[in-house]
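2 protein chains.
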Amino acid sequence: MTATTEHRPSASQKSISEQGLRAFTNNIFRAIGCPDADAALATDVLVTADLRGIDSHGVARLSGYVRLWENGRLNTAPEPHVVHETPTTATVDGDGGLGLVVAPYAMEIAIQKARQYGSGWVAIRNSNHFGIAGYHALKAVDNDMIGYAVTNASPLVAPTFSTERLLGTNPICYAFPAGKFPPVVVDMATSAAANGKLEVADRAGRPIPEGWALSREGQPTTDATAVKSGGALLPLGSDRAHGSHKGFGLSATVDILSGVLSGANYGPWVPPFVAYLEPVADQPGQGIGHFVGAMRVDGFRPVADFKANMDQWIARFKAARRIDEGQPVVIPGEPEYWATQANRERGIPLVGAVWDDLQQLAAKLGVGALEEELTP
Amino acid sequence: MTATTEHRPSASQKSISEQGLRAFTNNIFRAIGCPDADAALATDVLVTADLRGIDSHGVARLSGYVRLWENGRLNTAPEPHVVHETPTTATVDGDGGLGLVVAPYAMEIAIQKARQYGSGWVAIRNSNHFGIAGYHALKAVDNDMIGYAVTNASPLVAPTFSTERLLGTNPICYAFPAGKFPPVVVDMATSAAANGKLEVADRAGRPIPEGWALSREGQPTTDATAVKSGGALLPLGSDRAHGSHKGFGLSATVDILSGVLSGANYGPWVPPFVAYLEPVADQPGQGIGHFVGAMRVDGFRPVADFKANMDQWIARFKAARRIDEGQPVVIPGEPEYWATQANRERGIPLVGAVWDDLQQLAAKLGVGALEEELTP
Chain A
0 MTATTEHRPS ASQKSISEQG LRAFTNNIFR AIGCPDADAA LATDVLVTAD LRGIDSHGVA
60 RLSGYVRLWE NGRLNTAPEP HVVHETPTTA TVDGDGGLGL VVAPYAMEIA IQKARQYGSG
120 WVAIRNSNHF GIAGYHALKA VDNDMIGYAV TNASPLVAPT FSTERLLGTN PICYAFPAGK
180 FPPVVVDMAT SAAANGKLEV ADRAGRPIPE GWALSREGQP TTDATAVKSG GALLPLGSDR
240 AHGSHKGFGL SATVDILSGV LSGANYGPWV PPFVAYLEPV ADQPGQGIGH FVGAMRVDGF
300 RPVADFKANM DQWIARFKAA RRIDEGQPVV IPGEPEYWAT QANRERGIPL VGAVWDDLQQ
360 LAAKLGVGAL EEELTP
Chain B
0 MTATTEHRPS ASQKSISEQG LRAFTNNIFR AIGCPDADAA LATDVLVTAD LRGIDSHGVA
60 RLSGYVRLWE NGRLNTAPEP HVVHETPTTA TVDGDGGLGL VVAPYAMEIA IQKARQYGSG
120 WVAIRNSNHF GIAGYHALKA VDNDMIGYAV TNASPLVAPT FSTERLLGTN PICYAFPAGK
180 FPPVVVDMAT SAAANGKLEV ADRAGRPIPE GWALSREGQP TTDATAVKSG GALLPLGSDR
240 AHGSHKGFGL SATVDILSGV LSGANYGPWV PPFVAYLEPV ADQPGQGIGH FVGAMRVDGF
300 RPVADFKANM DQWIARFKAA RRIDEGQPVV IPGEPEYWAT QANRERGIPL VGAVWDDLQQ
360 LAAKLGVGAL EEELTP
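Chains as they are written, first to last, in numbering that gives the first Met the number 0: chain A, 0 to 375; chain B, 0 to 375.
Incorrect hints may have been included.
A pair holds if it fits inside one copy or across any two, identical chains being indistinguishable in the list.
Said to hold, decoys possible - Dumping the calculated SDA-like pairs for lysine to any residue here, alpha-carbon to alpha-carbon at most 25 Å: (1) 179 / 301; (2) 179 / 143; (3) 306 / 94; (4) 306 / 84; (5) 306 / 282; (6) 306 / 18; (7) 317 / 153; (8) 13 / 207; (9) 227 / 16; (10) 306 / 221; (11) 317 / 280; (12) 227 / 267; (13) 363 / 229.
For the record, the hints were derived by calculation from the structure and aren't laboratory data.
Can you build the whole structure from these sequences, using the hints too?
Here's what the structure looks like:
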């Protein structure tokens, strides 16, 4: 469902096998000090994003994580630990580690609690960017559970009636097991559009649609540089008449669960992902925050009954009356499932700019270069 | 946050005290066979909506519930019961009762489970319209817990790329306790606009903004009769470029949690609230479905710390740079909190059409008429 899946340029594109990309990424994480198990886990999160076609959140972000480490803002050998707990809730301190490592640690606790008591919920503080929310929620699905994962993020989005960047694109993910169909995975930013979409338009010299961003003065704009120029992204809904207060409410919910409940930072205090922006002073919490959860399907009804009804739900929505005969309803998570199968078979496509960036990273860190696979 | 709070006409408006409206509503529910305790509970849910200024979901709906009962589609003396359970999850069969009674029964179970184990989650089937989601979520807040409530509803909304009504306006509510400020209550339909907004425009002979509805043919429309004419409401986000697939994903999530997980109906099979529309044949489940939950704040961190940070969060967002000097950022739940204080003091306003409808209802059921209070 991520927009970047549609915008993949075919021009300067190269392709690499899943194994090749895993080996390369693993080497990078080990080179910056991650223990073997952590490196393998962080690699799995990023490569899963690329396999699913969500290339904005895959290895394209590797150099960003490395720059955070270079700036001393990332602990690559963290010891995440539980600081507060009940039978079905916990708060984890991520020890300043990669969210790619800390969030799976927390989700494993949620799953263990759900196995024992039916559900498990873990708030995480003192963490960093955790990759795609869907990775974490799908861990629950592997256990016939419903998965939930949200995170706050660098402030880019203004609440309704303001033009101040106070919220991240704060994604929400719910994942549900199905029977013969792929799992339903709703994995979405709570902004009207991703910042990456503005960057793509900016590089192409194209305007953006109204409803994605505001100017610094709070006016509707089609200027792709609006956010860079002091403006802000708009919440889902775009304007008050179309429900932007609902997108604001969802984003606020994510911020409160991830930041306020865990003891992480929230709102404008969330530290930026990009290393060239310094975290603001007087932070009320530690690092960025996430919130993950798992509920056993058979805590509510037999798994087979649930999956049979999920299949009926999916089949009915796929059969919905179409506006354009060529465009069926898209079941959330299904395009990413099929992208994974295709990318496993044919190799993972990487755009030229990302390829070049990764090669420079490899040279800098002294690890082996990427080697292109020729499609069979 | 509900749109209807803005559109209250002052012309043919009457006013009644909270006590007066409670006594009247209680009599109506008892007249259709509700036991005393159930009548009091259903009354509390509806009057709370009116107090909060969400008059679309208050006593204006009373005659709708009565018509469902007249049509034999409502059990006014239900025995809701748990049909499946773990320490922190349960499924409740609502026995065909009012959602106004069944959902509070389920939320009480969720709160008890949370008290014992940290969190509690209850799916509900075989129920009916449950009023405002916020009522149920706020029960958790009264116990220093985070509350969650969702419900599916009569199909009015089309998924992205379709023009078929397959989803309800499927609201989501999260409620969080705060310290010196009112609780943060995000209570929102997952459609771009409520159907009531189209009805208001239709009665006034006004067009609607593009982005609220589609024509039967799937074209954007400004026709306020679009849904009545075979079209559909649009999900939050309005169109694909502005993220309608996200609104669809949220609505799907609500439908799966409420319908598929509980064993209620889902998608196009959800029975309509209006008694003049018959439920469709071959229903896969029972009645409509809800899903509620509660998590203890002190399952994650001390309540005082959480509330202090909530207050800081709220104060920071209230202080956000404004686009229009006269319009501050609205904290979700705050207007409804102040509306409650005002309506308690000055009486609850009812528009003329609702007043007349209630008087006819009273005459039909042989209960005492409403008596207007003159504002002191």
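Structure-based check of each hint:
1. 179 / 301: within (16 Å within a copy, 44 Å between copies)
2. 179 / 143: Within one copy only: 14 Å inside a chain, 41 Å across chains, cut-off 25 Å.
3. 306 / 94: Between. Shortest inter-copy distance 24 Å satisfies the 25 Å Cα cut-off; intra-copy 38 Å does not.
4. 306 / 84: For residue 306 and residue 84, the Cα distance is within 25 Å only across copies (18 Å; inside one copy 32 Å).
5. 306 / 282: Classified as between; 17 Å across copies, 45 Å inside a copy.
6. 306 / 18: neither (32 Å within a copy, 48 Å between copies)
7. 317 / 153: between (36 Å within a copy, 19 Å between copies)
8. 13 / 207: For residue 13 and residue 207, the Cα distance exceeds 25 Å both inside one copy (28 Å) and across copies (48 Å).
9. 227 / 16: Neither: 36 Å inside a chain and 53 Å across chains, both beyond 25 Å.
10. 306 / 221: neither (44 Å within a copy, 40 Å between copies)
11. 317 / 280: Classified as between: cross-chain Cα gap 20 Å, same-chain 50 Å, threshold 25 Å.
12. 227 / 267: The answer is within: 16 Å in one copy meets 25 Å, while 44 Å across copies does not.
13. 363 / 229: neither (33 Å within a copy, 62 Å between copies)
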